[in-house]
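Undergrad: Using the sequences and the accompanying hints, generate a full structural model.
Going line by line, the protein sequences match chains A and B.
Each step along the first sequence adds one to the number in this note's numbering, with nothing skipped, and position 93 is 93.
Each step along the second sequence adds one to the number in this note's numbering, with nothing skipped, and position 203 is 568.
Derived from the structure by calculation, the hints contain no laboratory data.
Here a beta-carbon is modelled for each residue, glycine too, at the ideal position from N, C-alpha and C.
One or more hints might be untrue.
Unchecked claim - Only part of the chain B face toward chain A is listed, based on derived beta-carbon distances under 8 Å: (1) L403; (2) S432; (3) G436; (4) T437; (5) L455; (6) P457; (7) K501; (8) L505; (9) S572; (10) I686; (11) G705.
Claimed, not checked - Far from chain B, by Cβ distances over 12 Å, these chain A residues were calculated: (12) P15; (13) V31; (14) V51; (15) G118; (16) R120; (17) D183; (18) P262; (19) E263; (20) K291; (21) P309.
Number of protein chains: 2
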Amino acid sequence: MNSGIEVVYIVKSAPADIEARTEGILLEQAVELPRSVLRDDFVLNHIVGSVRSIEALTTGEFRVTISHPEGTAGNDPAQLLNVLFGNTSLQPDVLLEDVRIPASLLQTLGGPRFGIAGIRQAVGVPTGPLTSTALKPMGLSTDKLAAICHTFALAGIDLIKDDHGLADHAFSRFEDRVRACVDATKRAAQTTGRQSLYVPNLIGSPSRVLEQLRFAQKAGVGGVMISPMLLGLPLLHEIVRNELTVPLLAHPSFGGALRISPEALLGRLFRWFGADAVIYPNYGGRFTYSKETCARLAALLRQSDDGLPPVLPVPAGGIKIERLSETIAFYGEDVMLLIGGSLYEAADDNALLQRAKSFVAGARN
Amino acid sequence: MNSGIEVVYIVKSAPADIEARTEGILLEQAVELPRSVLRDDFVLNHIVGSVRSIEALTTGEFRVTISHPEGTAGNDPAQLLNVLFGNTSLQPDVLLEDVRIPASLLQTLGGPRFGIAGIRQAVGVPTGPLTSTALKPMGLSTDKLAAICHTFALAGIDLIKDDHGLADHAFSRFEDRVRACVDATKRAAQTTGRQSLYVPNLIGSPSRVLEQLRFAQKAGVGGVMISPMLLGLPLLHEIVRNELTVPLLAHPSFGGALRISPEALLGRLFRWFGADAVIYPNYGGRFTYSKETCARLAALLRQSDDGLPPVLPVPAGGIKIERLSETIAFYGEDVMLLIGGSLYEAADDNALLQRAKSFVAGARN
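TA: Written as structure tokens, this is what we have:
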């Protein structure tokens, strides 16, 4: 029974107004006209959706579920966002809580290319938690970033990504960095016998991001990362459908300011649009996601009963090496742990290597 | 004295914590590491910015101003957003209130191509308020939308745009609609002697939007519209810098859910990235922007002392024809009034024509 695009909102409203308010949202998100002036049969029968339910919450708010005909989204990712939360985003009393879409639209979107299985294959780790870290800080020269990358690869970290703040800066050009870091992981692999994946951050206007993607894939990167909310969610979809040959990590930068639940945005839309792994702030760090939100995010990302591949949850944002076993116990094995800052609490390169090694050992245990 | 990228946030914090909180935001937005582990001189001297001021507000919140070195933005629009509100967007106690950038970065961004003067020239109306309306609702066939467009053009409305919900739907293909509506305005011009501008809504993944833009410009549209927050703000910049030959309207769809003040997002960023006219919800309609916000938005968009052209404020969202003179008195003459729904309160095509004519007459008075 999910033939339409079902959108769940939390709406602040006086009880006497909630029915009219819900009708207003229904119309705003499709026809943008009062029902009284709609005179076209096709519009009335195939465009205007319906209110599925209105539920009073103990918070004094209401959970309303609206269903729009699938055709309103025009098989287009940008237009899907428009139908979900276009003008209604401009009404501060409404939060987008959840989204459900028909299997046909899910297939049109296409979802991830690699998912958990593809990432495990790429890193050669069939079971257990995976490890990842970030090259930082912004401002280091390419040589220095590549040296850190080499250290992390020597330690055996599975996936070494750019910090999402590393762009095409004058002090570390994108192309130079990609070449140097791919090379650093290859040299480390000659020592260790294991190939770490280097994952650059793609950032810029769409045509520049496509250039970066092509360059990186040709240079032999193990994956790529983008921040879909900075670049635009439709670009995520376009990259995945048209160009992608390696797994894609999605970063939540710029995405938290949206009045959209993390579950809907990161848990559903990022995966539907094609991310193979989704980074999000772990509970207990320097961000404020609750344990429950993190558990729900992990479950949504690892979902496999909708026909799309499960993808990797990547909790991040202040995980301490000291909290590793707790975090693993919480998430189970299909997870990629992302520890950045905590590794860098090292006085020199050797201490950095030792901390990275203990991270890997802790994850492999 | 504006040598860096100055970002103003409103932060909820206990007074005892605000200094540490501000330091945390400063580091989060650039290096993503605690200061104690920063060991590189270039990073310390040229990447880590500084706190300019912390001001206690009567609301129990604080206004903090942080300055980042211009180089952190890497001359890239997406990375600029990242520096302004990347990870910090994930912290719900922080709102982005305002942004100031150096003249050099402003010149790099480039801003609008046409601005108010270019739009006035395109519509042939050198002074006084301009008029605009929207083709709607989603679901009408191309023929029916073109017929409405013809009616509005006969009435002399300056700019007739697609509703932002008109995409490349099976029931009204983008290319067909553009051809039919350009033709409708030309036929009307043969009757009236005045050419209305038809402005289609571009929507889709970036490559599809570029296709639509090229098709539309070749077909002779008078302008184009995009929703930058649906498509991604960097695509706005790319279109304006690389492809645009007609004025561009920006629509706020999906943009209101951001914890960014309308002034910063619509008033500054949209213009800096290149919009020639910015649509926003007018006060007193079905959205909740206050009169003060609307006045500030209009002033920011019409700014001309920063070296970029002033652009047109386009208040919309429930302006009634009956409120026209009040709205004109409020905004003065450099404004484009956008009335959609109120025009459609018409029993038939002739009534629609009459309402549209009275809208134009009211604006021209």
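Undergrad: Tell me the numbers of any earlier hints that the structure contravenes, in ascending order.
TA: Going through the list in order, the structure violates hints 2, 10, 13 and 18 and respects the others.
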